[in-house]
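Participant: Heads up: the protein sequence lines correspond to chains A and B, in order.
If you use the working numbering, the first sequence corresponds to residues 4 to 123, in order.
If you use the working numbering, the second sequence corresponds to residues 172 to 382, in order.
Keep in mind the hints are simulated off the structure, nothing from the lab.
Nothing here was measured: the structure is a model prediction, and the numbers come from that model.
Among these hints, one or two may not hold up.
Which chain B residues face chain A? A few, computed with CB under 8 Å, are given here [said to hold, decoys possible]:
1. Gly305
2. Ala308
3. Ile312
4. Gln313
5. Gly316
6. Gly319
7. Gly335
8. Val338
9. Thr339
10. Thr346
11. Val349
In the DSS-like style, the derived pairs of lysine-lysine whose C-alpha atoms are separated by at most 30 Å in a straight line are [what the hints assert, rightly or not]:
12. B:Lys307 with A:Lys118
13. A:Lys49 with B:Lys307
14. A:Lys49 with B:Lys301
15. B:Lys307 with A:Lys38
16. A:Lys109 with B:Lys307
17. A:Lys118 with A:Lys38
18. A:Lys38 with A:Lys122
19. A:Lys122 with A:Lys109
20. A:Lys38 with B:Lys301
21. A:Lys109 with B:Lys278
22. A:Lys49 with A:Lys38
Here are some chain A residues the structure puts well away from chain B; computed CB gaps all over 10 Å [as the list claims (entries may be wrong)]:
23. Asp15
24. Val21
25. Asp53
26. Ala56
27. Arg85
28. Cys87
29. Leu89
30. Arg96
31. Glu120
We treat Cβ as the ideally placed atom computed from N, Cα and C, and that holds for glycine.
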Amino acid sequence: MALQTFRTRDGDCAVKPVLSIARNFSVHPGPRFIKQGPWSGEKFRKLLVDRLAQHDVIVVDLDGTRGYGSSFLDEAFGGLVRECILTADEVLRRIEIRSDEDPTYKAEALEAIRKAEPKH
Amino acid sequence: MSGPGQSAPSARQTEALVQAAKAAAPAPLVASLPANPARAPAAEADSPSLQCRQAIVGTQTVFLCVEDANPLAPYLAAVPGVLIAALGFYVVHRLSVRRQRRDEQFKMVQATRELVTAVTDEAGEAWMSKRGRGEKAQLLIQRVGRIGRAAQMLRLRDARFDVGVQVTTFRQAVTNDVESGTVSSSRRAEIMVAGADLDEAIYRAFIGIYG
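In isolation and in its complexed conformation, chain A is listed as follows:
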């Protein structure tokens, strides 16, 4: 996982870990669940949870892949809320999504986080 240097509001330098799906996961993100095929959203969510245990804030870079299915994005990001791993506010605070090649992926992932409701 790469590190990205950035400047805080106070003007200090800080470092954010960047989790690139293309480099650290797969350039062919797959279906929603692990049982449905390789490189699923569920599998990525587990990797993300693992990284969140090590870092407070993570940048998730969506660029560089062949494309995402809506179910992958929903399971990877909305699944964090549904599975009661984090609240929606915590997800939005701790995960910074970057998608310059196609900003609609970022919008869709953020929508998935906001709309997700914890399972009871």
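Dock chain B against the given chain A, drawing on the hints supplied.
Facilitator: Chain B in isolation, oriented as in the chain A frame:
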């Protein structure tokens, strides 16, 4: 060249006066004889470049007037023509650039719309059949990804090309749980509507920008 109330000087006297004025004037100055000598002092007041001197030749009072010639005068005459030519060149250049941009944009728009149509058809078929859904799903995801990137390229060229909402709706219709293998005619209809909306949005954005 005689003063008011005086008789006109002879041709020889006039010639002598002109020669004297030329000799007295600095290099850039040109001697001129006012058409109406009686108005010479008034002309001096009107034009700062016109300098007159009073002289007495024999029994006659004359005004010798010299005008300061502008060395840029021959070039100034050409300025309006040059400005019009430069403006014409600029307008032609701008129109040419606009036409070239329009052609490039048109090709991208055409390619994107064709891709939308193709994906709409393929996705509709995929959602109506369980067979080979896994491979089809991956292909559809990649092709919808290409549509999203093409839309972003169009938006980067012109910010008014904003079809992000339609791209997201289309992607959700095509790819959301496509790998589940569920056969759904209602989803097929949803894909057709979303594809048509996206196609129309791209077309309308292009027409809105380039007319």
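Participant: Is it the case that Val21 of chain A keeps its Cβ farther than 10 Å from each residue Cβ in chain B?
Facilitator: Fine: 21 Å to the nearest Cβ keeps Val21 of chain A off the interface.
Participant: Verify the proposed pairing of Lys38 of chain A with Lys122 of chain A, using a straight-line Cα cut of 30 Å.
Facilitator: Judged against 30 Å, a Cα distance of about 20 Å means the pair holds.
Participant: Hint check: Lys122 of chain A vs Lys109 of chain A, CA-CA at most 30 Å. Holds or violated?
Facilitator: holds, 24 Å
Participant: When you check the alpha-carbon spacing of Lys49 of chain A and Lys307 of chain B, does it fall within 30 Å?
Facilitator: holds, 26 Å
Participant: Was the hint right that Val338 of chain B lines chain A, CB cutoff 8 Å?
Facilitator: Status holds, d = 5 Å.
Participant: Taking the minimum C-beta separation from Leu89 of chain A to chain B, is that value above 10 Å?
Facilitator: The claim stands: Leu89 of chain A keeps its Cβ more than 10 Å from every Cβ of chain B (closest is about 23 Å).
Participant: Was the hint right that Ile312 of chain B lines chain A, CB cutoff 8 Å?
Facilitator: Where the cut-off is 8 Å and the nearest Cβ of chain A is about 5 Å from Ile312 of chain B, the hint holds.
Participant: Check the hint pairing Lys307 of chain B with Lys38 of chain A against an upper bound of 30 Å on the C-alpha distance.
Facilitator: Within the cut-off at roughly 17 Å; holds.
Participant: Can we confirm that no CB of chain B comes within 10 Å of the CB of Arg96 of chain A?
Facilitator: At about 24 Å from chain B, Arg96 of chain A clears the 10 Å cut-off, so the statement holds.
Participant: So is Arg85 of chain A really clear of chain B, every C-beta pair being over 10 Å apart?
Facilitator: holds, 15 Å
Participant: Tell me if the interface restraint on Gly316 of chain B is satisfied: Cβ within less than 8 Å of some Cβ in chain A.
Facilitator: holds, 2 Å
Participant: Take the C-alpha atoms of Lys109 of chain A and Lys307 of chain B, compute the straight-line distance between them, and say whether it is at most 30 Å.
Facilitator: holds, 24 Å
The structure is consistent with each of the numbered hints, conforming to all of them.
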